[in-house]
Amino acid sequence: MKLRRTLLGIVLAFSTAGIIATNTDAEAYQELYEQQDQQEIHIKEVLASEFISEEDQDLLNQGLDRIEEAEQTETRRSLRLLMEEEKKQLSQVQQRVVSKEAEVAKSELTQLIEKFETLEKKSQEPYIVAEDSLQIESLKSELKSLTSVQKVLPIRTLSGELSTLSTQMSENQSLLVDSINELKELNKESAQLFNKEYLLASDKEALKNAEEENAQYFEDADDFELVKSRKSDSQQLIRQLKTKQEKTEKDFQENKSQTNELVKTTNSLISEGDLTSEEKDKLSEVIQTLSNALEMTDYEPGDLAKNYTILQTNYNEFMSNSNQRIAAAKEKAEAEAKEKAEREKEEAAAQQAAQKSSNSSSSSSSTSSNTSSSTSTPSPSLSGEWYQAPSGYKFLKVESGKTYGQVKNKNNFKLITEAEASNYTPGHGNGYAKQ
Amino acid sequence: MNEYQSILSLYQKHKRYEVKIILFSCALLVLTSVFVALNLFRISPFILYLIAMGITLYFALRIRVESKNYGKLERFLKENDPEVLKNKELVFFIDYQLDHSFEQESKGLFKGLDDKNGRNNFEKKVSEIKDHYEDLVANTSIEQNIETSS
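As they're listed, the protein sequences go chains A and B. Each residue of the first sequence is one higher than the one before, counting from 384 in this note's numbering. Each residue of the second sequence is one higher than the one before, counting from -18 in this note's numbering.
Hints were generated in silico from the structure; no laboratory data involved. It is possible that some hints are incorrect.
[Unchecked claim] Okay, derived cross-link-like pairs now, EDC-like style, lysine to aspartate or glutamate, Cα gap no bigger than 20 Å in a straight line:
no., chain 1, residue 1, chain 2, residue 2
1, B, K(-6), B, D62
2, A, K385, B, E55
3, A, K817, A, E803
4, A, K385, B, E60
5, A, K385, B, E70
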């Protein structure tokens, strides 16, 4: 029993000491491995540098391989020695890399300065956007601060910015030139529109002003937004005036001749018709509006058609009124003439009776002639806008030889008896006359 | 030196056995730890400690003075004659006598402990050895007295 206890004690003591020592040993190696891992990170950073020579790359790689192999076979002391050696090599390689980088940085800085000078010259060209020119100034100050830099990174960063700016500058310049060319095209379009008929003087002036404003940018421009805005305004103006001119042209083509005719007819109605002063004023006012529109002194597209309709309506209404008044006056005059004739007849009869005793056969022929002269043509009746020919009568369009039962403007037609109408052909219905 | 004296010197050795083992183990542990700490070559420290443990175990078995049946003897005495156990010297003497005087017979004696006859036989032998021990002790004390008086 005692012996067993002793032996067990020995086993336990050595096993415990062995386990502790093994763990401590493993930890000590682990510490070294971690140090080596850190060193490897630095080594790989240096290996990744573009400035490292092939010899240095081989040197560091060999060192890494050597340590990797030794990690599982060599003692801590040997490993430490190898790591120290690798550290020295790394330091030497780093110095060479830094020196090489400084050399490259110097060369790239020279290229960067040349690149900057080219870009600075370009910024003096016309149509360079002001924002890009400002960026040039900003980059210039950055470039000054790089004169003593030993690293390539800031130089390359600035070089990248410079390239971006150069591209951006060219693109902006090209866009600006395109916009200016579009402005020039718009000016051509504006000039064509300017020379067209049916464009108001105020619109022509607006076109002229827009052209002048556009022309300001032809020599040089530096604000893309301004040019864009000018282009948009100019486009809008031209589009608007073009539409207006087309509407005006259409209005004039459709209404000018008939308006002139109606104005002429209305003027004759004013001068010859039986109109009240109020009606005359109203007609004159519309005629004046139409005259202004025809002369395009005070005109909006559609004014001609609108005022033509107004004048036509007024004309029809006042014409009808005038005709009625004339007819009434005529009837009155006829009645008076008839009364006068009857009175004269009575007087003549009285004289005849007085003279009968002396000469009973002398007055018979004159009585019959007076009777025949008293017969007259009946006037047409107005129904809405249409004049209806009296019964037994027809309207005759003298130029065409066509006859109608109803017309809008009876002055353009001659009233004839149906017997006379049989010599002509009946006309088909239209906007001005129908059966 | 008579038989008793020689056995007594062996008993003294037996008493120092544990101290020796502890000192040897400690020395070997320190030695192994120093070797591991020196890290002279790449080997798992556990193997080194295993080797050291092997050496210590060998040493422990090698310097053992009592027989391998010492434990069985103690157990027998504890059950049948606890008084004898108090005298460690006597127990060691009985073990020594059983191992050396009876030699081959001792194996049979210990094997026969399982049955009653064997136990009686064993008890008898132990009793004989005890008597012999007491004689030796008595003779030794007489001799010592004579030597002292002369």
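Tested hints:
no.: 1; hint: K(-6)(B) with D62(B); in the structure: 25 Å, violated
no.: 2; hint: K385(A) with E55(B); in the structure: 10 Å, holds
no.: 3; hint: K817(A) with E803(A); in the structure: 18 Å, holds
no.: 4; hint: K385(A) with E60(B); in the structure: 17 Å, holds
no.: 5; hint: K385(A) with E70(B); in the structure: 16 Å, holds
When the structure is compared with the earlier hints, a violation turns up for hint 1 alone.
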